Amino acid sequence: MMGFFQNLSKFLFTQGQSTEQVTVKSEKNERPSHNHILDQFKDCVDFQQRTYPNCHVHILYLPFLVGPEPLKRDIVDPLSEATEDEAAQIFKRSQYKLTGDAKECVKGILDGQAAIFFRDLTYLVDISEPVGRSISQSETETVISGPHDGFVENLSQNLGVLRKKIKSTHLKTVKFEVGEIAKTDVVLAYIDRIADQNMVEDLKKRIQSIESDAVMDSNMLVQLIDENPNSVFPQFMTTERPDAIASKLIGGRIVGFVDGSPSAFVCPTNFFDFFSSPDDYYQRWLLGSALRVLRFIGFLITISFTAFYVSVTTYHYEMIPHTMLLNLTESRAKVPFPPLIEALLMETTIELLREAGARLPTKVGQTIGIVGGIVIGQAAVQAGFTSNILIISVATSAIASFTIPSYIMSASIRLIRFGLIIMAGVLGNLGLMMCIGLVVIHLAGVTNMGTSYLTPLAPMNFADLLDTFVRGPFWGLRKRPSISDSKNKSTNKMRK
Amino acid sequence: MNKVKEKLNVFHITLLIFMAEMNITLFSLPRLIAENIGTNGWIGYLALSAIATFNIFLYWIVYRVGRGASAFEILKSALPKAVIYPVYWGLAIFWIFTASILGKNFFLIFQMLSFQTTNPMFIFLLFCVMVFALLIKDIYGIGKATTVFFFMTIWTVGLTVYQFKDWEIVRFTPHLFQVASQGHSFRNWMEVYSTFIGYELALFLFPHVNKRSKLFQGVFIGHWMVTLAQLAVVLTAFGFFSFHQIESL
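Order-wise, the sequence lines are chains E and R.
Position 489, counted from 1, in the first sequence is what the working numbering calls 489; the numbers after and before it change by one each time, with no gaps.
Position 54, counted from 1, in the second sequence is what the working numbering calls 550; the numbers after and before it change by one each time, with no gaps.
Bear in mind the hints are in silico, worked out from the structure with no lab data behind them.
Computed from a prediction, not measured in an experiment: that's the story for all the values here.
Note that the Cβ used here is the ideal one computed from N, Cα and C, for glycine as well.
Please note that a few of the clues may not be correct.
[To be verified] With the C-beta cut set under 10 Å, the calculated list includes, among others, these residues of chain E facing chain R:
id, residue
1, N429
2, H442
3, P459
[Unchecked claim] Sample of chain E residues facing chain R (criterion: CB under 7 Å; computed from the structure):
id, residue
4, P278
5, V381
6, G384
7, I408
8, A411
9, L430
10, M434
11, V440
12, G445
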């Protein structure tokens, strides 16, 4: 019977995704030549070549990727007055790496290195300088107490920030190239002897099997490697905070960086990780616990408050206290729509306001936001378009959704809210609970790197619960979370 | 990616059995007990629970003798194919009908209270969608969903304390199994016994457990958790309402 249902679900829901690993054919190594590299970069106005006739050296590089100081130090100063024999001695220095592969040579130039052609040999020297903004606070994840630095788009800078947080030789990094055209660098980081090696190997395979022209951001990459691509819930946590990433690494998780993206992704992740903020650990544990409980209350409010209003005003008037009943009837008296339509209209309006606020330029956004909110709230009620109790309900739900630290999770929950409102309008509290039941059933089937998305609630792990719904005291958090399946469970000692 | 085939542990099994046995008959249990067993019928209810426990013990014997083999393998080795397939069909139809009747029973109550003009089949259809969504998961996924549903609902048992103000032990009467309006017969006691439908799920868990899972420890605990939860409801009802009021619930 179970097999019948599973086959039916495969037939109905399988998207025909390829799960086979792609084997990359190894190409024959072509020796790099000056003309060959010039041909590769033809029609590129940002490509430059220099020749030093005194030592018969040709240099090829992308000037906008290199730094003037390293260029002067490693190219201009040594070679401008050197003879051929002196150049041969210069190129024996360790920063000049001999290469025999044309593809490696091209990649090196694209990474900001300079290709040096001398006699029949080709050398690469790293004279790149990071292109992009400097380390600054994340705009989407702010905390009141705690570090205010955030990751940036440059991969090297991000790795540097991480190394400053975790000064351990056990922190291992593995580099990949993703995207057939963009060839974006992706780095996985994990702490050896803490992270589960099977999970590390699995993640490596997934990244190597990505078939895409370009991967621009971590949030895009995680969608290409997750197990439930059709789920509305994010399965990999992404964050711009180095302190959050460092604590996840120490907890036995694996993190990944994508060059060009300020977000790093973490796995394995469960549903409750998205409700945790670094703030919780920088305050007293009772305060941190209270904040976490508040976030879960916010989650319940945002997902069900408007739907509950709709179900109660449509089907279950007996649930309303009689003192409130008069006010509610009075406020709904002028509204021509049924509660379901009224709620959907207001929720859509709030979503339009939020989306418009995110797209507007900063100078205009705040003004429009305030005016829009006041106009929509006040005018809509006075025009009899909606009731003021619904405005309170919708506004409370919207505010509660922003207590969730992860923007992507709060966006997913806002989407589910619409489903709950519709079901509440169709079948009242029964419909609301049915929809919640369907969401729970869906969540029970979601996995991340083979671990359950509802850990530590289902499957239950009592030790991990101390850092899930509350933030337990540090003396109680002595073991790494079970989701990371670490062999080194204790946080007290680190084998050297 | 190869998913690790996890085995159920005693906690999952306990909650699976608890949620499988806790059903719509909870709403009518006090009346059933009053009509079929009589005064202080909760003692008879406990006796029936003990009989169900013995039944579970018989399943345990099957599990031990079969050395953990699946119930289907045991049936296949014991019965010819010509008999097995009608048995499977019969069991499947029986369980489909039982589940449908239980679901329909539930929705008829809701329909009567809040959706008088709604066709109950529409609600039943949505119920079938939910059941389908659950059944297409593997047993481990069903166990996880069940765990969440357990924590969402178990706290309601604590609401019985709100009735203590009007609860009086004198309403139990000093009589034992008296004034049962349906009379005492095997059929009447079986009607109360039907509230324990659900523990037979243990038969299908054989291939999904190993020695560490402690399958039957979980089944026994789950069964007695249901017994205690339903007993709390029955005792509350018997102390809140008079005996004749319970019969007309």
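- Which of the listed hints are not met by the structure? Violated: hints 4, 5, 6, 7, 8.
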